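Could you build the full structure based on these sequences and the hints that come with them?
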Amino acid sequence: MGKRPNFLVIVADDMGFSDLGSFGGEITTPHLDALALNGLRLTNFHSAPACAPTRAMLLSGTDHHIAGLGTHVEVLHPTQRGKPGYEGYLNERVATLPELLRDAGYLTLMSGKWHLGHTIETSPHARGFDRSFALLPGAANHYASSPKAGTGFPAQDTLYTEDDRFVELPEDFYSSDGFTTKLLQYLEEREDDRPFFAYLAFSAPHWPLQAPDDLIAKYKGRYDAGPEALRAERLERLKALGLCPKDIRPHPIIAKNKPWDEMNEEERARSARAMEVYAAMVERLDWNVGRVVDYLRKTGELENTLILFMSDNGAEGALIEAVPVFGPYLMDFIERHYDNSLENIGRPNSYVWYGPRWAQAATAPSRLYKTYTSEGGIRVVAFAHWPKLVPEPAIGHAFSTVMDVMPTLLDLAGATHPAPDYKGRKVVPPMGRSLLPWIEGRAESVHPADAVTGWEFFGRRGIRKGDWKAIWIPAPEGTGEWQLYDVAKDPGETEDLAAALPARLAEMLTLWDEYVEKTGVVLVNIQT
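Residue numbers for the sequence shown follow my numbering, so the first one is 862 and each next one is one higher.
Calculated directly from the structure, the hints in this document are not laboratory data. Since the model is a prediction, treat every value here as computed from it, not as a measurement. By construction, the Cβ of each residue, glycine as well, lies at the ideal position given by its N, Cα and C atoms. Hints are not guaranteed to be accurate.
[Said to hold, decoys possible] Under the rule of at most 25 Å between Cα atoms (straight-line distance), these lysine-lysine pairs were calculated in the DSS-like manner:
#, residue 1, residue 2
1, K1249, K1159
2, K944, K1287
3, K1379, K1107
4, K1287, K1326
5, K1100, K944
6, K1081, K1043
7, K1379, K1326
8, K1379, K944
9, K1287, K1159
10, K1159, K944
11, K864, K1159
12, K1287, K864
13, K1043, K1119
[Stated by the list, open to error] Just the calculated beta-carbon pair ranges, DEER-fashion:
#, residue 1, residue 2, range
14, E1342, E1162, 51 to 61 Å
15, P1252, E953, 34 to 44 Å
16, D1033, L1384, 44 to 54 Å
17, K1079, R1026, 50 to 60 Å
18, D1282, N1210, 29 to 39 Å
19, D1074, K1350, 41 to 51 Å
20, E1356, A1090, 18 to 28 Å
21, K1379, G1082, 49 to 59 Å
22, D1282, T1340, 38 to 48 Å
23, L1203, G1275, 39 to 49 Å
So, in structure tokens, the structure goes:
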């Protein structure tokens, strides 16, 4: 392939599977669509059920319970505290992707959400990035108007770092714009011709839903038919695009909040407004991706840059106000510090989310959404663009995971993982596999048929071998018992085969126990 490629890895935060136009959505996303429709769209790419675990897997190539993010540090249970894999930051058991690429001669750059450590010692600067601008925690206002110290949330001056120091934000900061501007600055300041690894980690469209007024206005009225109608529209487009089978059985919607036809006029208006803001956030993210692509095109580097785009989990469908661990406190905080009147929703001093029904419009035909081990929580939008590797537009249905990214990029960079030793410490090897043999047609799949992949988050469980998958989700969203699915024939997880195939289920539960032992899972059921 000649000169080693540059790598641009773009991660969206809580984006739904069908939000992009190229994946069945109605949101205006021309820049991402141009890349996806001229690249390899992945229909069976899997993350962890939530953001920090996925980012840990992306940068370590291994399971998040091994890498230090067994759960979100914000909800660490006393029985998990102090246990290996629950440090709350990328631990010393892993060598990170930027560390290894920097060792291999790459310039390593990051701008965006980190969520893998809240201190300078655990920041991107400490884990292999030559330059970095980072939001350390999992969420913040998208504008610079974050609450100050004393209001109960972290002060702004402890949220963001640049390299090895905390920094304040400029007054005109908006997350997607600011992260992109900083990455472009780093690219423009390069002083040599080293290939680069750039990690652009958006915090959009994670709540609070906030976007520029002019973009929100573009979507006024678009969602007045409600989430169930949007779900049906997107499913038809997914079928037409060849991204899901035409005879697929979508999983029924599971939600505690009112369906559209039971809402009053004001409730519908507020709900539709939240979705309008969400769409505007996605469009603004797309516009910023276009800025980076334009830069690479002008510098002549686009043709030698592998662009990988993905979401960090399924769409966010939680009723945040009902989450016991912080919902009541959060609602009181919002009441005191924000203005969520209808006309103000989406502005810097508003703080809203869109809930389970809009989320399931975006995860359909899959079951549920973020934090769940069902497909709606872990099967995410993803594509790769690099004409040297993918010369013709393609759709790939092979099972793959975010842990496969590290082995793939190391493969393309001509680098190898150093396990079991790295700079005087013991490190684990990646659990993922390179995508290259499959993409290049040298292998029929990314993973062998007997490969086993597990998931666990908030006590929700999943184990997969080949096309068989068993999941355990507590009531009311699940049954509180193990369920078994053939996800090749039933990707919507609609027909539980546990009773019909007890031997198969028993095999899967043995594999689950082995996964727990291998990764150090400490089970705690957290209600959300």
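Take a quick look at whether K1379 and K1107 sit within 25 Å of each other, Cα to Cα.
39 Å, violated
Can you confirm whether the C-alpha distance between K1287 and K1159 stays at or below 25 Å?
Between K1287 and K1159 the Cα gap is close to 43 Å, so the pair fails against 25 Å, i.e. violated.
Quick check on a hinted range of 18 to 28 Å for E1356 and A1090, using CB atoms only.
At 26 Å between Cβs, range holds.
Given pair status - K944, K1159, alpha carbons within 25 Å
49 Å, violated
Is the hinted pair K1287 and K864 satisfied, with a Cα-Cα distance of at most 25 Å?
Violated, at about 32 Å.
Against the 25 Å threshold, does the CA-CA distance of K1249 and K1159 hold or violate the hint?
18 Å, holds
Within 25 Å, alpha carbon to alpha carbon, are K1379 and K944?
14 Å, holds
Given a hinted range of 49 to 59 Å, is it respected by the beta-carbon distance of K1379 and G1082?
51 Å, holds
Are the Cα atoms of K1043 and K1119 separated by 25 Å or less?
Distance ~42 Å between K1043 and K1119 Cα, so the pair is violated.
Assessment of proposed distance window 29 to 39 Å (beta carbons of D1282, N1210):
51 Å, violated
Is 39 to 49 Å a correct range for the gap between the Cβ atoms of L1203 and G1275?
Roughly 56 Å apart at Cβ, these two residues miss the hinted range, so it is violated.
Check the hint pairing K1081 with K1043 against an upper bound of 25 Å on the C-alpha distance.
31 Å, violated
In this structure, the hints that do not hold are numbers 3, 4, 5, 6, 9, 10, 12, 13, 17, 18 and 23, in rising order.
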